[in-house]
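The listed protein sequences derive, respectively, from chains A and B.
Going by this note's numbering, the letters in the first sequence line up with residues 1 to 423, in that order.
Going by this note's numbering, the letters in the second sequence line up with residues 1 to 423, in that order.
Incorrect hints may have been included.
The list treats identical chains as interchangeable, and a pair is accepted whether it falls inside one copy or across any two copies.
Said to hold, decoys possible - Keeping only pairs whose Cα atoms sit at most 25 Å apart, straight-line, the calculated SDA-like set for lysine to any residue is: (1) 292 / 279; (2) 287 / 258; (3) 287 / 276; (4) 397 / 344; (5) 397 / 315; (6) 83 / 238; (7) 85 / 192; (8) 292 / 280.
Hints are computed from structural coordinates only; laboratory data are not their basis.
Protein chains: 2
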Amino acid sequence: MAKLRGKALVAQSGGPTTVINSSLCGVIQECARSGDVDAVYGAHNGILGVLHEDLFDVTKESAEIIEGLKRTPSAALGSCRYKLKSLEDSRRDYERILEVFKAHGVRYFFYIGGNDSMDTADRLAQLAREEDYELRVMGVPKTIDNDLAETDHTPGYASEVKYLATTVMESGRDTEALYTFDTATVVEAMGRNAGWITAGAAVAHRVEEDAPHLVYVPEIPFSVERFVKDVKAVHGKLGRVVVLAAEGLQDENGNYLTSQTGSFAKDSFGHVQLGGVAETLKAVVEKECGLKCRYNKPGTAQRNAMHFASLTDVNEAYMVGAQAVKEAVAGKSGFMVTIIRESDRPYRAGTGLAGLAKVANGEKFLPRDFMNEAGNHITDKCARYVRPLLAGEAPIKIGADGLPEYVRFKRYPVGKKTAEYKA
Amino acid sequence: MAKLRGKALVAQSGGPTTVINSSLCGVIQECARSGDVDAVYGAHNGILGVLHEDLFDVTKESAEIIEGLKRTPSAALGSCRYKLKSLEDSRRDYERILEVFKAHGVRYFFYIGGNDSMDTADRLAQLAREEDYELRVMGVPKTIDNDLAETDHTPGYASEVKYLATTVMESGRDTEALYTFDTATVVEAMGRNAGWITAGAAVAHRVEEDAPHLVYVPEIPFSVERFVKDVKAVHGKLGRVVVLAAEGLQDENGNYLTSQTGSFAKDSFGHVQLGGVAETLKAVVEKECGLKCRYNKPGTAQRNAMHFASLTDVNEAYMVGAQAVKEAVAGKSGFMVTIIRESDRPYRAGTGLAGLAKVANGEKFLPRDFMNEAGNHITDKCARYVRPLLAGEAPIKIGADGLPEYVRFKRYPVGKKTAEYKA
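Extracted from the complex, chain A is given alone in its bound form:
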């Protein structure tokens, strides 16, 4: 494959994670090492930044800031949830993106995101081929939800789980101490329609006394009646109960246990905004079981908990970012870098490639045998899958004030501007 010289553009999309900036760091530093990439441009707020030509020259940022990305949560470039549809339905957007790429001499596009982002990247690669513009497009996997097809797991997942498991463990100690008064606690986990996060955090339960005592995932239809029975049984045995529940719990008819109504009920991807499961279950526990119940909802904190992130996750996030560059420079295009688990003990992982179309819009759900028959806790098989990913604590920098120091880009603007984008 012929060498391709040009600029690289990198963007981050969708919900932030603790380690998405490690992937970004991998992309930036590997581009610098490659010799074929003249500069790396960052798009401000994902694909929106490309459409609006809101780009900045990451190459001009200090080495300290670039290196600091590895210990900075959330998306340093800014992210978005702007959804492009098919090439036919969103042709003007795709053409605009390519126009911007051409104007700036962008020959490499690295998109760090989930399945929707892989879809966008795939269609963009298609348009570039149609227009005979040489562009190498690589996807870098990212999602706390761990629901991407073709990869053993996704960067962001392990740090989410390490933090949430610890949070559940610590919430459990609270209930254990105060059960004569606060007898039950519900912790709400993210993860949309996939139970990976919830099941993952359930590894906090090492012995019978440990929280969580009950675990509910969206893949198994939720029955209030069975839930009440479960809670009563645990309470009868331990005198207390900590429930870990996924935000996306659904009843037997596929209706969310709770879903918001009103003008912000759906995001621009058409996904229903979830939330309220913890409040709902708390009310059930108090009314149906007669137990005082609290609920904890870590919310977005759980996907940005750099202060207790998995070192394995940070390293793998960097690895897939750097590998995407290596593959692209070597001539590959139209792939997402995947993580291949090579060994469990000792844990060892390498990278592979999957076609963007295969990943796009796919969803990988929690296998049924990761949950017990009763559907209220995980199996050993699940624990064996999750545990190796949580190893190590990522180093952070603590300021003189005792709090973490995270970096921000200076955002040196890219001079040249083409025509304004009109949505």
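Fit chain B to the known structure of chain A by using the hints.
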């Protein structure tokens, strides 16, 4: 003062904290060093454990478990919210406690708790004097709320703040990356009627971009109208907004912004159960400001976050526990050990003593000059008070599975039993 030989009884009361077990460790280890204490008995679930004679012999626990208390959150002895009233109104309970103390040869009582606990300890000391039973009673301060009188701050507060500030900082990075979609976030802080926690966590705001952008404490009457104006102003400037709100916000008439109704609306102390401020403010932001809003409610996780606790806090918690023993052995009784701030730079603190009655039922509110004139953020004075307390990260033990390992007592029962307690 004559030497007093006998057993010591230690109990933990009220809401758990990250470092209440460090105080317990200080009590136990100092008792062992003292030479005057024959054994240390722990009461299971606070004063309830004394009433029901549910005691165990802490002295028999392994040195490893005792030492492990320093890195274990929540109340290892178990806690409670059982409220004793005045000596007149709860005389039978106080007499029962003394009866149990006498039966077991308990001559030292260390009560780790908040103002209600100091009240109980004070009245118990009074009854012992009346009955001419030599008993040395010492209070060890504990509360995340930091609302105890007579002490510069309370153990538990700093770790709560260190964690919550970090959580707000990290939640802020999420909103910063995704503001084109999730424009606003509300984080709900504990603290009941005191704004110490909320104001403390506001130190996460180092520069204008940093969360929290708006901060509301219970001491300043909350106006929805002014809140809406504040949110719109920050949004106009930054394009996003992160609000940190205390659970105990009240309107100009002293009504809680939201309070639960139903059978669990009040605890046994008669305190109204708070919660729901975050949901309420989220609804206001969406309806009145037209901004998509999320909310994070760390709940009980915030007071047990050993995985990112303040080393200063852990050390001070140990110090006040050990000091209580030293003072009691030296002949003092009827005091709570206080923390005296000797210097800010470098930070240095020592201990003092305050009469239990002076601490009992007192509440120390956030000084008005810790908040700005608009009542929507903290002042430098507040930050100077808070920051030194957050220094250092307490060491924890991480298991092979990448999660913290916390200890539990084996609970060796105390043989002798007197008559059953009848409530």
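Evaluated hints:
Within a single copy, residue 292 and residue 279 get their C-alpha atoms as close as 13 Å, and across copies as close as 20 Å, so both meet the 25 Å cut-off. Taking CA atoms no more than 25 Å apart as the test, residue 287 paired with residue 258 passes in both settings, with 17 Å inside one copy and 20 Å between copies. Both within a single protomer and between protomers do residue 287 and residue 276 lie at most 25 Å apart by alpha-carbon distance, with minima of 17 Å and 18 Å respectively. Taking the closest pair of Cα atoms, residue 397 and residue 344 come within 25 Å of each other only across two copies (23 Å); inside a single copy the shortest separation is 30 Å, beyond that limit.
With identical chains, the CA atoms of residue 397 and residue 315 are at most 25 Å apart both within one copy (17 Å) and between copies (22 Å). Only between protomers do residue 83 and residue 238 lie at most 25 Å apart by alpha-carbon distance; the minimum there is 24 Å, versus 48 Å within a single protomer. When the C-alpha separation of residue 85 and residue 192 is checked against a cutoff of 25 Å, the pair qualifies only within one copy, where the shortest distance is 21 Å, while the shortest distance between copies is 48 Å. For a Cα distance limit of 25 Å, the shortest separation of residue 292 from residue 280 qualifies both inside one copy, at 14 Å, and across copies, at 22 Å.
Violated hints for the displayed structure: none, as all numbered hints are satisfied.
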